[in-house]
Amino acid sequence: AQTVTQSQPEMSVQEAETVTLSCTYDTSENNYYLFWYKQPPSRQMILVIRQEAYKQQNATENRFSVNFQKAAKSFSLKISDSQLGDTAMYFCAFMKPPSGNTPLVFGKGTRLSVIA
Amino acid sequence: GAVVSQHPSRVICKSGTSVKIECRSLDFQATTMFWYRQFPKQSLMLMATSNEGSKATYEQGVEKDKFLINHASLTLSTLTVTSAHPEDSSFYICSANLLNTEAFFGQGTRLTVV
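Each protein sequence line maps, in turn, to chains A and B. Oh and the first sequence: position 48 is 48 in my numbering, straight run, nothing missing. Oh and the second sequence: position 51 is 51 in my numbering, straight run, nothing missing.
Note that these hints are calculated values from the structure, not bench results. Since the model is a prediction, treat every value here as computed from it, not as a measurement. A virtual CB, placed ideally from N, CA and C, is assigned to each residue, including glycine. Please note: incorrect hints may appear among the correct ones.
[Claimed, not checked] To give a feel for the contact side, a few chain B residues facing chain A, derived at Cβ under 7 Å:
| no. | residue |
| --- | --- |
| 1 | 29 |
| 2 | 32 |
| 3 | 34 |
| 4 | 40 |
| 5 | 44 |
| 6 | 46 |
| 7 | 97 |
| 8 | 103 |
| 9 | 112 |
So here's chain A without its partners, still in its complex pose (with noise of 0.2 Å):
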């Protein structure tokens, strides 16, 4: 079974500085999709970012990039000039394709503070 592993309770960043919160998974699978979610108050999940594993080039969305090595297992998202709006809960996640409609694994996910 895949496991993701976020190792940051919580995180805080000061306004336009940049930040990364971590996450590690397990997982037999060679083809596979990660992401990162952001939950904020309102409690909408937001997709952040999206990874495809057998695609080596990280995947970037205007502020938020990933540093994603798969013989680590690493998937790791990178925030820059932070926002006040970035303040949030941030889930790491798994989906293992494409054998038929899989649900996506979840860390258990990193409170980030952004700070003026």
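Given chain A, put chain B in place with the hints provided.
Only chain B this time, still in chain A's reference frame:
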């Protein structure tokens, strides 16, 4: 992106009554939907997998008679909390996968049982 709509967003009910939560995929068909429960400051815990036209698959420890799931069409799954008790108070979220490559979530339902 794809849209999953969940209703209601908040509900308060009395102990012993039943509550139905709806999850709809608005612009795509979902043969499978997932129901999660989230306690305060914790991660999402998978409760069950809802399969269109067949029985739901429940995770270990989840009472299937307490949490009834019906997936009657390709765009609608419902979760009914039967004979609700205060310990059932929680945040419930549904999701559906698009092309098995990305998950989309409903807005969630905050259930309070008094």
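Results for each hint:
no.: 1; hint: 29; in the structure: 12 Å, violated
no.: 2; hint: 32; in the structure: 4 Å, holds
no.: 3; hint: 34; in the structure: 5 Å, holds
no.: 4; hint: 40; in the structure: 10 Å, violated
no.: 5; hint: 44; in the structure: 5 Å, holds
no.: 6; hint: 46; in the structure: 5 Å, holds
no.: 7; hint: 97; in the structure: 5 Å, holds
no.: 8; hint: 103; in the structure: 5 Å, holds
no.: 9; hint: 112; in the structure: 14 Å, violated
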